[in-house]
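Make a model of the complete structure from these sequences and hints.
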Amino acid sequence: MNIAEFVAAEAQKPFRWGETDCVSTVDRWIRSCTGLSPLAWVDREYSDAAGAASVLADRGGLAVLVNRAMRSQGFIKTGEPVTGDVGLIIHNGKLCMAIHAGNCWFSHDEHGLIGAPLSAVWKAWRIKCQ
1 MNIAEFVAAE AQKPFRWGET DCVSTVDRWI RSCTGLSPLA WVDREYSDAA
51 GAASVLADRG GLAVLVNRAM RSQGFIKTGE PVTGDVGLII HNGKLCMAIH
101 AGNCWFSHDE HGLIGAPLSA VWKAWRIKCQ
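The opening position of the sequence shown corresponds to residue 1 in full-length UniProt numbering, with each subsequent residue numbered one higher.
Keep in mind that a hint or two might mislead.
To be verified - For lysine to any residue, the following SDA-like pairs were computed, each having C-alpha atoms within a straight-line distance of at most 20 angstroms:
hint : residue 1 : residue 2
1    : K77       : A57
2    : K13       : I3
3    : K123      : S24
4    : K13       : G112
5    : K128      : G74
6    : K13       : K77
7    : K77       : W41
8    : K94       : V55
9    : K123      : L95
10   : K128      : L36
11   : K123      : I90
12   : K13       : M1
13   : K128      : C104
The set of hints was computed from the structure by calculation and includes no laboratory data.
None of these values were measured; they are calculated from a predicted model.
Here's what the structure looks like:
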């Protein structure tokens, strides 16, 4: 599945914690490309905002959790993200995970779809699709 097909399919899904939130959406992209799941490192499920907040609090916050999860699967940071890479972006004043979709960073949050400018990236990881 290419990035355009993935974004089109994900855009049809309603937001659900633990299913289509920013972290779950990015994890699904990574799994579809590489077969690896950084989210599996977390080893906890959540189905609401309180559950997500609990996971984040227990793991040191989103930035720490994502750094450790990505490292656990061997993903390398990049200073020059390209289409298909993933990153932590700043969206509406907070960090979230997103996928470089070519002309924007794509993801979901509780308010709907995210299409953030490429300049919103804070940290990114190279994803090499097989």
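Here's how the hints hold up against the structure:
no., hint, verdict
1, K77 - A57, "23 angstroms, violated"
2, K13 - I3, "16 angstroms, holds"
3, K123 - S24, "18 angstroms, holds"
4, K13 - G112, "10 angstroms, holds"
5, K128 - G74, "12 angstroms, holds"
6, K13 - K77, "29 angstroms, violated"
7, K77 - W41, "18 angstroms, holds"
8, K94 - V55, "17 angstroms, holds"
9, K123 - L95, "10 angstroms, holds"
10, K128 - L36, "11 angstroms, holds"
11, K123 - I90, "10 angstroms, holds"
12, K13 - M1, "17 angstroms, holds"
13, K128 - C104, "18 angstroms, holds"
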